[in-house]
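Residue numbers (our numbering), protein chains in the order written: chain A, 1 to 175; chain B, 1001 to 1175.
If you're looking for bench data, these hints aren't it; they were derived computationally from the structure. Keep in mind that a hint or two might mislead.
[Claimed, not checked] Using 27 angstroms as the maximum straight-line C-alpha spacing, the simulated DSSO-like pairs for lysine-lysine come out as follows:
id, chain 1, residue 1, chain 2, residue 2
1, B, K1140, A, K112
2, A, K112, A, K140
3, B, K1112, A, K140
4, A, K33, A, K112
5, A, K140, A, K162
6, B, K1171, B, K1140
Protein chains: 2
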Amino acid sequence: MMTYPEIIAFHGHSCPGLAIGYRMASSAMEALKIIRSADEELVAIVENNACGVDALQCVTGCTFGKGNLIFHDYGKQVYTLYARQTGEGVRVVFHGRGVTGEMRSSRDAFIKFMLAVPADEILSVQTVHIEEPEPAEIHKSGICSICGESVMGTRIRQVDGKPACIPCADKAMSS
Amino acid sequence: MMTYPEIIAFHGHSCPGLAIGYRMASSAMEALKIIRSADEELVAIVENNACGVDALQCVTGCTFGKGNLIFHDYGKQVYTLYARQTGEGVRVVFHGRGVTGEMRSSRDAFIKFMLAVPADEILSVQTVHIEEPEPAEIHKSGICSICGESVMGTRIRQVDGKPACIPCADKAMSS
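Taking the hints into account, I'd like the entire structure generated from these sequences.
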């Protein structure tokens, strides 16, 4: 598992959101009694795209590029993790009940607090049953007849009966 | 900048896609003469969500959680990087012209080749002028009157005149 300093190196800076995401993702992993995902063993469904998700990518191995990070744009501090091998899932919610307004006055102190506070004072972990998410798909590519660039087969459109990528097809439609 | 072994640690494994993304992202950074993004100084627009984007996140600091990674689902091996400070942009396309079918027969040899081949044999880098992407936004949160969980203000819906999160609003609509 990546350490918090390694996560800062990935994200670019430390911040309260990153610390919250680190605690949420670590708690999910502990509840699932699982190790980081080398491939697609784990799937994360995140309900926001804020700083904390970078910590989740580092801690869980559910990354944007591996197809096992699913984004629901709900604006909620909620992560659901699903382990393909066991079929088990957990839903982690940041409720922040142990946080007082005073703590938020100093950013550095707030980050330190977030990293040290007992998990149940800031978040809840609940076992959930969810349908297994589909694995990431790989498709053959074709060539766009307009720009000549390679395009994944499922993203090829037709312009005057010839294959085109989405940006070229959009341009052709609007001209 | 993160090294290739550090990028493997983030992604979970090495693969040809990761190596390609590493070369594409590194070439973009060289062309922009810029260092990794600690905050939102750099913006990346990626036209696929395959393995290589994990290398891009590591190399450029344009990450899913920082809001400076924009995803266009075009199925193309194209990354566009934009530097807010200079207003300069580059578009990197993986064309793979230097790759023969034979090379693809061994996965390990193919990865080694990808990491060592002169960049212009596999990709092109072009200066582009694009409109500056909007920075990530932060909004105050409210409470869903149905589940009691916190929701970003811009994602709050109304159910019978009361605030609700998207999943609760969807459930209320369908029941």
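The hints, checked one at a time:
1. K1140/B - K112/A: holds, 23 angstroms
2. K112/A - K140/A: violated, 48 angstroms
3. K1112/B - K140/A: Between K1112/B and K140/A the Cα gap is close to 23 angstroms, so the pair holds against 27 angstroms.
4. K33/A - K112/A: At roughly 25 angstroms apart (the allowed maximum being 27 angstroms), K112/A and K33/A satisfy the hint.
5. K140/A - K162/A: Holds, at roughly 17 angstroms.
6. K1171/B - K1140/B: Judged against 27 angstroms, a Cα distance of about 24 angstroms means the pair holds.
Figure legend: structure checked against the earlier numbered hints; the only hint not met is number 2.
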